[in-house]
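Enquirer: Could you build the full structure based on these sequences and the hints that come with them?
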Amino acid sequence: MKETAGITRMKRPSSFAWGKFSLSLFFALLMFFPLYTVLIGGFKTKGQLLSDPFGLPQPWTLESYRAILGKSGVFWGFFFNSVFIAAFTILLVLVCSMAAGIALSKIQFRGRKVLFNYFIMGMLFPLSTAILPLYLQLRGLHLTGTRFGVILAQTAFNLPLSIFIFTGFFREISKDLQDACSIDGGGILTFAWKIMLPLSAPVIATVTIIILIQSWNQFLLPLLVLDDAKMYTIPLGVMQFQGQFTTAWNQIMAFITISVLPMAFFYFTMQKYVVKGLTAGAVKG
Amino acid sequence: MTWVSPGHIPSTVEDEGRHYIMKPLTAKGKASFQKHATILFLVAPAFILFTTFVVLPVLQSGYYSLFQWKGLGPLNNFQGVGNFIRAFKDRIFRIALYNNVKIVIFSLIIQLPLAFSFALLVARKKYTGSVFFRGLYFFPYVMAEIVIGIIWRFIYHPQHGLPTLFSQWFTADKMEIGLLGDTNLAFWAIFIVVCWKYIGFHMILYIAGLQGVPEELEDAAVIDGASKVQVVFHIIIPSIRNTIIISVFLCIVGSFNLFDIVWAMGQGGPVHSTETLVTYLYNFGFKRFAFGYGSAIAVIIFLICLVFNLFYQKYIVGEAQK
Amino acid sequence: MKKLGIMVMTGLLLLILSAVFFAGCAKEDKEEVTEQDKVTITWWALSAGGGDESRERLRLKVIEDFEAQNPNVEVELTMLENEAFKQKIQVAVQAGAPPDLFHSWGGGVMVEYAEAGQLRDITGFVKSDLSKIVGIGALGVYGYDGKYYGSPYDMGAVGMWYNKAIFEEIGASVPKTWPELLAVIKKAKAAGYIPIALGGGDKWPAHFWWVYLAMRIGGQDAFNAAYGGSGSFKDPTFVKAGEMLLELAALEPFQTGFLGATYDDQAALMGNGKAAMELMGQWAPATEASNSDTGDGIGDDLGWFSFPAVPGGTGKNTDVMGGGNGYVVGKDAPDETLDLLKFFLQKEYNIELIDVEGIIPVAKGAEEALEGTLNSVIAEAVAGAGYYQLYYDQFLPPAVGEAVKDAVVALLAGQASPAQAAAMVDDAWQMEK
Chain A
39 MKETAGITRM
49 KRPSSFAWGK
59 FSLSLFFALL
69 MFFPLYTVLI
79 GGFKTKGQLL
89 SDPFGLPQPW
99 TLESYRAILG
109 KSGVFWGFFF
119 NSVFIAAFTI
129 LLVLVCSMAA
139 GIALSKIQFR
149 GRKVLFNYFI
159 MGMLFPLSTA
169 ILPLYLQLRG
179 LHLTGTRFGV
189 ILAQTAFNLP
199 LSIFIFTGFF
209 REISKDLQDA
219 CSIDGGGILT
229 FAWKIMLPLS
239 APVIATVTII
249 ILIQSWNQFL
259 LPLLVLDDAK
269 MYTIPLGVMQ
279 FQGQFTTAWN
289 QIMAFITISV
299 LPMAFFYFTM
309 QKYVVKGLTA
319 GAVKG
Chain B
77 MTWVSPGHIP
87 STVEDEGRHY
97 IMKPLTAKGK
107 ASFQKHATIL
117 FLVAPAFILF
127 TTFVVLPVLQ
137 SGYYSLFQWK
147 GLGPLNNFQG
157 VGNFIRAFKD
167 RIFRIALYNN
177 VKIVIFSLII
187 QLPLAFSFAL
197 LVARKKYTGS
207 VFFRGLYFFP
217 YVMAEIVIGI
227 IWRFIYHPQH
237 GLPTLFSQWF
247 TADKMEIGLL
257 GDTNLAFWAI
267 FIVVCWKYIG
277 FHMILYIAGL
287 QGVPEELEDA
297 AVIDGASKVQ
307 VVFHIIIPSI
317 RNTIIISVFL
327 CIVGSFNLFD
337 IVWAMGQGGP
347 VHSTETLVTY
357 LYNFGFKRFA
367 FGYGSAIAVI
377 IFLICLVFNL
387 FYQKYIVGEA
397 QK
Chain C
100 MKKLGIMVMT
110 GLLLLILSAV
120 FFAGCAKEDK
130 EEVTEQDKVT
140 ITWWALSAGG
150 GDESRERLRL
160 KVIEDFEAQN
170 PNVEVELTML
180 ENEAFKQKIQ
190 VAVQAGAPPD
200 LFHSWGGGVM
210 VEYAEAGQLR
220 DITGFVKSDL
230 SKIVGIGALG
240 VYGYDGKYYG
250 SPYDMGAVGM
260 WYNKAIFEEI
270 GASVPKTWPE
280 LLAVIKKAKA
290 AGYIPIALGG
300 GDKWPAHFWW
310 VYLAMRIGGQ
320 DAFNAAYGGS
330 GSFKDPTFVK
340 AGEMLLELAA
350 LEPFQTGFLG
360 ATYDDQAALM
370 GNGKAAMELM
380 GQWAPATEAS
390 NSDTGDGIGD
400 DLGWFSFPAV
410 PGGTGKNTDV
420 MGGGNGYVVG
430 KDAPDETLDL
440 LKFFLQKEYN
450 IELIDVEGII
460 PVAKGAEEAL
470 EGTLNSVIAE
480 AVAGAGYYQL
490 YYDQFLPPAV
500 GEAVKDAVVA
510 LLAGQASPAQ
520 AAAMVDDAWQ
530 MEK
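Protein chains in written order, with this note's numbering: chain A, 39 to 323; chain B, 77 to 398; chain C, 100 to 532.
Don't read these hints as lab results, they were simulated from the structure.
Given the structure is predicted, the values throughout are model-derived calculations rather than measurements.
Treat the hints with care, since some could be wrong.
As the list claims (entries may be wrong) - Take a look, some chain B residues computed to stay more than 12 Å from chain C by CB distance: (1) Arg170; (2) Gly205; (3) Phe246; (4) Met251; (5) Gln287; (6) Pro314; (7) Arg317; (8) Ile321.
To be verified - Stretch by stretch, here's where chain C covers chain B in the computed footprint (C-beta under 8 Å, at least three residues): (9) 146-154; (10) 255-267; (11) 291-302; (12) 381-388.
As the list claims (entries may be wrong) - Have a look at the derived ranges for each label pair, beta carbon to beta carbon: (13) Gly149(B) x Ser329(C): 27 to 37 Å; (14) Ile124(B) x Ser329(C): 56 to 66 Å; (15) Glu292(B) x Pro97(A): 53 to 63 Å; (16) Pro97(A) x Gly149(B): 55 to 65 Å; (17) Gly464(C) x Asn260(B): 29 to 39 Å; (18) Gly156(B) x Asp164(C): 18 to 28 Å; (19) Arg156(C) x Phe246(B): 46 to 56 Å; (20) Ser230(C) x Pro150(B): 28 to 38 Å; (21) Thr472(C) x Leu77(A): 52 to 62 Å; (22) Phe208(B) x Phe404(C): 33 to 43 Å; (23) Asp431(C) x Pro150(B): 42 to 52 Å; (24) Asp266(A) x Ile268(B): 52 to 62 Å; (25) Asp320(C) x Ile268(B): 43 to 53 Å.
Ideal Cβ placement from N, Cα and C applies to all residues, glycine included.
Expert: Shown next as structure tokens:
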């Protein structure tokens, strides 16, 4: 509260905050309800889940979690594959899109605009519309049945948005800095390495989380590319529980809860940077 | 500085000469070589990956779209634009197109304003829990669409789901409500889920935009006697205009590419009432072994996005620049 | 300084290239090894889903036994859930890379694959070997134009499953004719039960109703006329089938929201004793059980009767619509694949599959194991069928099969008249023919 505010004003913001708080809480409950259903669903028996889907578990059972995390350990395999694929996708996207972003923002050359548009056009394609030719391409390169097939294709489809964000951000980096670096005898790569990279931390965080979300949730691509169930990722794992003739709802709920946890952790720790990165990169006011 | 749209490089960058100029070297040829080597080195990885896995497959799709082809065997039944004509003559295709347009329109008038309100609620004047609320609103966005479909099917379940539970609280008879089985309501049931998932994403965009608007500006306006509504409409919205434009753009392209949620919640049914362009592609291209036709649908989706993008750049972004 | 930057960038570029390279190599290495010493057979099978691994366990056992007898062979098994399998196999086949042995329901989809040259013609092997262990009638579902591409391991029938306890409570007996069925529906409805459970969102459970009605009304002749070209799917038989289905729908026999319900939902209603009847294949008891709250279904209360007769119809009550599960052989499959298929089809495994997958066995002699179970009634119905019709959605080309399902659902939703529904099917058929 500002000190200059008078008595009347002191009251107003405080009641306002309460109004805001209750409104936020109301929306939060609405938004949270489906998550609540999943969260408690994993602790119920299947019978209870169907007869009383929204009540509290009675009794609480860890059966579903045990089935997923226990001896057979299906979850950990899926988890490792998801992490592996996401990590390499992120690494590749960051390297490729930052490098391209530097060229597209800091070097003047003929065809730059065309090249930028060429990449950006990719934002208009959903992966699902070109899936068969994409599969043929991967097969031609002997990449079907490998995790790298998924990684490379995902990387390619994530490049447009990342290049869009990085190019925008790099353009904003002051010319003075660049000149200073230039006078010191550094080239563009030195400038990129010494100055641009450290400045980009929040934008990197933003791009990382966007790709992470996409990669973590990608379904169709890994389904088509991977043959061996040992390589399956988490969304494919969920589908294993949603069978043709049975749906182990309680196990699905437990599985979803666990698979979302890493994302939740990641997001909450990086939240600050993500907003900062978006501010700096994509959505300059 | 405002650059906001894909495909748009503001001329200001070049006018101001902000670009990097290579140091003058003794031999001009050497400098030029070095510069081009650098460009090649920087752009090549992205270019190769993008071309191989995005552009070539998409071009192939474009080629297939000219044939009647089952996806098996040789391409020998050339149709020209026959597949495209067939699409626009098909009633169900028009339903799918209409649904997509509906999703766009209602996203613009419901989802984005809600997302904006959420942003205002949690980004301004920090209070206990605002960061937590922000995280919660964003959370559905991190979940896989296919998983979200599974969850909401469960919530909408006619026999033990939430709508039925509610109706039984408020009415005496044991009425069951099957939203996803109703050709009039299924679309709205799915639309709610789409909003639920993507509101958080747009909220984060707006929050990021709001960071660039100093709170002092608003305080000053309030002191000058402006109402809160006036502050929102006359100060905040004009200040984050570019953020709004990006959000609208992503929302529209996203709507035209909507697939997993709709698929998981009813495969475009009942009776095609929730068909979108991509589910249509899947139902009438993939499932019926009509791959040439499916490719034509893919091309149409792309063209719609492209036309929209060009229009948008020319008029809307152009306006914003003035 | 500059050098450092270049070095870092070069390093990263190398990383990318090596990733591509290794990914390629990893695959090639594998192929090299197998080419030298071993024959590899890839096998894609359907999993039950729901975390149930019994199907996989059985097949792994088969593989182990088979590999023990054939040390030069290595079998790579991929278990896939139904919908996932359909997406994946289609892309693999379209890309010209079918697995060596993969799941198939026979019929139209298989024919498409065969005509595109993606399946291996195993006619000789079927005649010399498989026909000795599997009935030639069942094998016919996996043949086309005098050639065979695979074999079923399960061949059953679609029929009416009913809850005996509910029937007793409402004082109904098993309906033999269509009007009797409608009478039972009214009674069940009046007693507060869901007369018929239907997963209309999945479409295929709904299409069973229309097809069976057409079979009872016009018999084999009507279908052959439409299929053969002397008639069409706009013939009176198919329009009448739509009219009678509307007659049924007018009683509102299905659960609320059935147009958005999945087959799972349908099975759960039966399994929990809330619905009186469902029209479904031989796998129904197992599915009802696993979708019920208790996990056991309604047990001995479950009964089966064949689809009722239509007064004045020319179709016989013994005519059966059904289908099953089986495997076909991919175009590049090594000869050992045929041995594996034959090995899998032997009586002992076929009997085990009764428990594991709820199948109606096809191996000669295996049907004895059914004795005393509900499935024996179905096996008899299959064996005694004068006219055995594979489900339309499998038998007809995919585009027509999809049209049939769409048409029936549109009919039930009140968005198409019987004549329009018949025309939808016929239009698709004429385009495909």
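Enquirer: Which numbered hints turn out to be false for this structure?
Expert: 4, 11, 12, 17, 18, 21, 22, 23, 24
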